[in-house]
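2 protein chains.
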Amino acid sequence: MAFDPSTIRIVLVHPQTPENIGMAARAMKNCGLSRLVLVCPADFRSAAAYRPAMEAFPILEGAEVHPDLLLAIGNSRLVIGTTRRGGQDRSPLITPSDLVREVLPRAQGKEVSILFGAEKDGLSRDAVDRCDVLVTIPANPDFPSFNLAQAVLLVSYEIFRGTVAWRVGAEKPALASSRSREDLYRHLEALLHRIGFLHENHPGRILSTVRRLFGRAILEEREVRILRGILSQLEWALDQPRNEKGR
Amino acid sequence: MAFDPSTIRIVLVHPQTPENIGMAARAMKNCGLSRLVLVCPADFRSAAAYRPAMEAFPILEGAEVHPDLLLAIGNSRLVIGTTRRGGQDRSPLITPSDLVREVLPRAQGKEVSILFGAEKDGLSRDAVDRCDVLVTIPANPDFPSFNLAQAVLLVSYEIFRGTVAWRVGAEKPALASSRSREDLYRHLEALLHRIGFLHENHPGRILSTVRRLFGRAILEEREVRILRGILSQLEWALDQPRNEKGR
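As given, the protein sequences belong to chains A and B, one line each in that order.
Using my numbering, you'd call the opening residue of the first sequence number 1 and step up by one each time.
Using my numbering, you'd call the opening residue of the second sequence number 248 and step up by one each time.
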């Protein structure tokens, strides 16, 4: 891991709606962050904040609260501002993924504060002046303004992806070995010959089409077993005496 | 661009809170998406939905509303489900970035529906069975459950980042329509019933495994024809009188 997520502080500066504070806490927990810092917040010890926070309520309970920004960021090695406004004095703006890849590792294990401004106006000029790096979230130029909790989510999500080598489903299913795939293809080929399908239909092309199709699907061992089971049952059914009355 | 974002439909299945519907619309607009589809939604023509939607209110106004999921996805070339539950018959789960990089380009400009389940329980078993591909959002295993609008945002954001100049792949083969894929699955199901395979082997799981396997492969129309041809020939062979001397 290039940096330690426990060093990351999400700092909401003058957040105005308890719902957004609660939803931001939930997003943080979804992404493995836990240090919430609030500067002059709306009333977040309220049902309106706790309800959307759900299981992230300990993050609300443990939030640091400060009366002003300078006290909130005093110990941080690196202060990151999020903004959607560019401008000469704000350049360069980097993306959240650049932040995670290039900037956070440079904090070398020291505390990092990431600031999010108020819902209406974002970070003030003074707050922006306190930032070492400015981040902007790529967005539709027709409507680039993210909700506060949504912005916290997107930045937290990039951090999460940057800290964890994510693998879906801890117990990845076992992929079929090349041997069991070849056995499957041979089994299928034998059946198709038996029912006369290959003879009439350009055997080579049919078989390579089927092979490619299953190849694209990247078969699991379990799926090969099911398919082989189907083929065996078909062979068995073909061996059964016919009911002359038809089916 | 590997795909056209105007082909992407965000389908909320039984969304229960107007705030989430409005916030999802806002997230869509932030990320350049516009086609919202609602299946049995909570009252979204209300202030509770319009307030968080902000400038995305035209997305709410233009939302398609359907009484059930099948009507909502009938014309989609590809149906994507979002889920946080794994399990044998749901594997493999891919990430949103895999979806954007590997799966969406294969829709070749045809309509794609991305389904999000209700706040409380996610997508039902039946809805999952309709999906060609299942996506899960990487998250903290201690609290992996994203708010509905947050999940819509993360998937939309990946799509936004994945959209570049749209080019039509001239020589791409025609993909199978959802109708011909459904016909294929029904044909296969009938045959498996006939040979007694489904009866003994948990019909639901077998069928959804097969569906997902073919879903991953993104079948072409020509491949469906070949597979249907094989099924028909098998039925024909099963109808033939047996040679009592054996084969």
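Because the hints were derived from the structure by calculation, they are not lab data.
Honestly, I wouldn't trust all of these hints.
Only some residues are given here: those of chain A computed to face chain B with a beta carbon under 8 Å [as the list claims (entries may be wrong)]:
id, residue
1, 32
2, 65
3, 109
4, 133
5, 217
6, 231
7, 242
Residues of chain A placed beyond 12 Å of chain B at every Cβ, according to the derived structure [as the list claims (entries may be wrong)]:
id, residue
8, 70
9, 71
10, 161
11, 196
We put the beta carbon where it would ideally sit given N, CA and C, even for glycine.
Each hint tested on the structure:
1. 32: Since chain B brings a Cβ to about 4 Å from residue 32 of chain A, closer than 8 Å, the hint holds.
2. 65: violated, 23 Å
3. 109: Violated. Min distance 21 Å.
4. 133: Cβ of residue 133 of chain A sits 20 Å from chain B, so the hint is violated.
5. 217: holds, 4 Å
6. 231: Violated. Min distance 10 Å.
7. 242: holds, 5 Å
8. 70: For residue 70 of chain A, whose nearest Cβ neighbour in chain B is about 31 Å away, the distance exceeds 12 Å, so it holds.
9. 71: holds, 29 Å
10. 161: violated, 6 Å
11. 196: violated, 7 Å
Violated hints, listed in ascending order, are 2, 3, 4, 6, 10, 11; each of the other numbered hints is respected by the structure.
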